[in-house]
Amino acid sequence: MSSGEILVSEADGNGGIMAQPKNLEGYVGFANLPNQVYRKSVKRGFEFTLMVVGESGLGKSTLINSLFLTDLYSPEYPGPSHRIKKTVQVEQSKVLVKEGGVHLLLTIVDTPGFGDAVDNSNCWQPVIDYIDSKFEDYLNAESRVNRRQMPDSRVQCCLYFIAPSGHGLKPLDIEFMKRLHEKVNIIPLIAKADTMTPEECQQFKNQIMKEIQEHKIKIYEFPETEDEEEMKLVRRIKDRLPLAVVGSNTIIEVNGKRVRGRQYPWGVAEVENGEHCDFTILRNMLIRTHMQDLKDVTNNVHYENYRSRKLAAVTYNGMDNNKNKGQLTKSPLAQMEEERRDHVSKMKKMEQEMEQVFEMKVKEKLMKLRDSEAELQRRHEQMKKNLEAQHRELEERRRQHDEEKAGWEAQQRILEQQKLDASRTLEKNKKKKIF
Amino acid sequence: MSEAVMADAMVSPAVGGPYVEKAGGPVVDFSYVGIDAILEQMRRKAMKQGFELNIMVVGQSGLGKSTLMNTLFKSKVSRKSVLATGQEKIPKTIEIKSISHDIEEKGVRMKLTVIDTPGFGDQINNENCWQPIMKFINDQYEAYLQEEININRKKRIPDSRVHCCIYFIPPTGHCLRPLDVEFMRRLSKVVNIVPVIAKADTLTLEERDFFKKKIREELRANGIDVYPQKEFDEDAEDRMINEKIREMIPFAVVGSDQEYQVNGRRLLGRKTKWGTIEVENIAHCEFAYLRDLLIRSHMQNIKDITSSIHYEMYRVRRLNENNTVVARANGIPEHHLAAHEM
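From first to last, the protein sequence lines stand for chains R and S.
Read left to right, the first sequence gives residues 5 to 439 (the working numbering).
Read left to right, the second sequence gives residues 1128 to 1469 (the working numbering).
Note that these hints are calculated values from the structure, not bench results.
A few of these clues could be false.
[Stated by the list, open to error] Where chain R lies over chain S, by a calculated footprint (3+ residues, C-beta under 8 Å): (1) 1240 to 1253; (2) 1297 to 1303.
[As the list claims (entries may be wrong)] Distance windows between CB atoms, simulated: (3) E1254(S) / P269(R): 34 to 42 Å; (4) A1270(S) / R244(R): 48 to 56 Å; (5) I132(R) / N1255(S): 37 to 45 Å.
C-beta atoms are modelled at their ideal positions from N, C-alpha and C, and glycine is treated no differently.
The task is simple: from the sequences and hints, build the whole structure.
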């Protein structure tokens, strides 16, 4: 057991804890920690998600095949570039590669149809949506209670292919990079670099870097290290940005060596020759030295940006914010309690709502019934009125009729009287005549 | 009866006719009329007048259009050489810029006009990017028509009609893009289109063959008739020659205006770390075929088809829709243009 204390904490003026470096007097053994991490990582395996964006025909699929020395896109499973799409789609393919006992789960995200249509406005929108959805998945997975399996499918690196026009960036390139440089690590590449002579290539690179700075596009920055060796490497990479790459699916014999290359009538352009193109630099940088850094930057910078933006937006709304915030800061038990309470309150609310609905329905029905009652009443009244009117009319007619009858009878009587009178006078006359 | 023919100084003795040798006297051929001397007269007249050729180049920026023009005519005829600006900025809208040069070779003078279209296909939204170009072509036809129907017209109407349009296809290696198809479909009806694969040093030979096959299929499928058009073949000989050309369309070209030393000779080419591409070597690229087509063998045919077919179609359409144009030709001409379908 060593007799020295390893860590002495001392409070400094600001209230933070500063650790004082102390020398050890014997071998403790925590120098073995990196090995432990290493062994655990190797067992767990690594994941990496790479996105390739560019117009069709720029050699994206070929480059992917060359980078990982496998046929991700083969004749049986042809790459998306063989069919021109009408709209931009985002496709992902997963490959598990093994090398030296280390597993790498590689996800390649391809964007066929990008920049191919006549009208390319908003062709970057599906890409942005895809990246955001992956961030959101990770955010939700992180906020869950049980998060033992947290698959990381966030896009860690985006290779953007620039067509080798030799002049500069196209408006589409500038738009795309401006919108995506805050969401993902962008590494611009010059595709099909065997089109250009070395002078043209250098001029093109300078032009592109100038335009990138002009438009304030933040491409992936290689981190500074203290190590001299690594600094030299990093500086060499930085000088040759953007990297001009050539990809090839075919292996050709050159001077007795088998190399990946492209056979032309005037020579063979070798993919892995540093003088022909920057492919080796890209591969070393992407896989051998900076893969972990890409993942870290994605996690610490781009993902945090997304997260803070998303949560800030949610806080704005009011009601749901407490729930979200609570989920992220309280302990699991408290969270379960809260979930239960939420559930109960939800049930109560539902009950209330249902009651309300029921009441409303009842009121409605009542009203309807009352209405119909009133209606009936009214009709009844009206009928009564009608009846009375008819009755009166009838009475009126009867009266008239009676009057008429009386009149007629009176007339009759008068007539009778007249008749009688007439007969009497006749008789009188008759009597007179006799005399 | 044979007649002694008084011909000009350069009469060539006709083959097959007996000629009588007189001691010390001029050679007289009794069965030679001398009609073929008209070729010589035409030749001299044409040399005095000179030729005109108007070529339009269309394609996205960065495909090597200016370089190819310089290579074709072996001199700095392109817009960029003339203007000598530093870095080219992609213009926001399509502009049509035409530059004329007078070049001369072996006593033959030619007025070459190169019409450039910077800004084509470079924007994010390229809808209707063919409209300015169609308008330009129709405007040239219109100008010629106006000159032609003048009552007092010039002896030689200046010909600014676009004779040939070279369309540059980017070397993706897969198939034609929707923009390419749309453009060629509309323009093959008003002008001779010669499609070429630009920057063909990107493609290996197998890729090149595959790409060409795909392009030919797509052109056929969309009913696009590029130069040399099948329907304008006049006779069997023409057809044979043109068939051979049609099998090679589109030409895979590489342009360069820099010379390099290869095997002791100075050649136009591009020098890369893995080899030098010779522009005029038909094993490397098909530039020589394109040059032969455009200049050495089919130039007159291109001009004929433009004037006798495309221009005539335009003229018929215009005169039919505006019957009063002829009556008012001398006065104020009407300018209600309902041009070819855009």
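Note to self: Of all the hints numbered above, which does this structure not satisfy? Sort the numbers upward.
What the structure shows: Of the numbered hints, just 5 does not hold.
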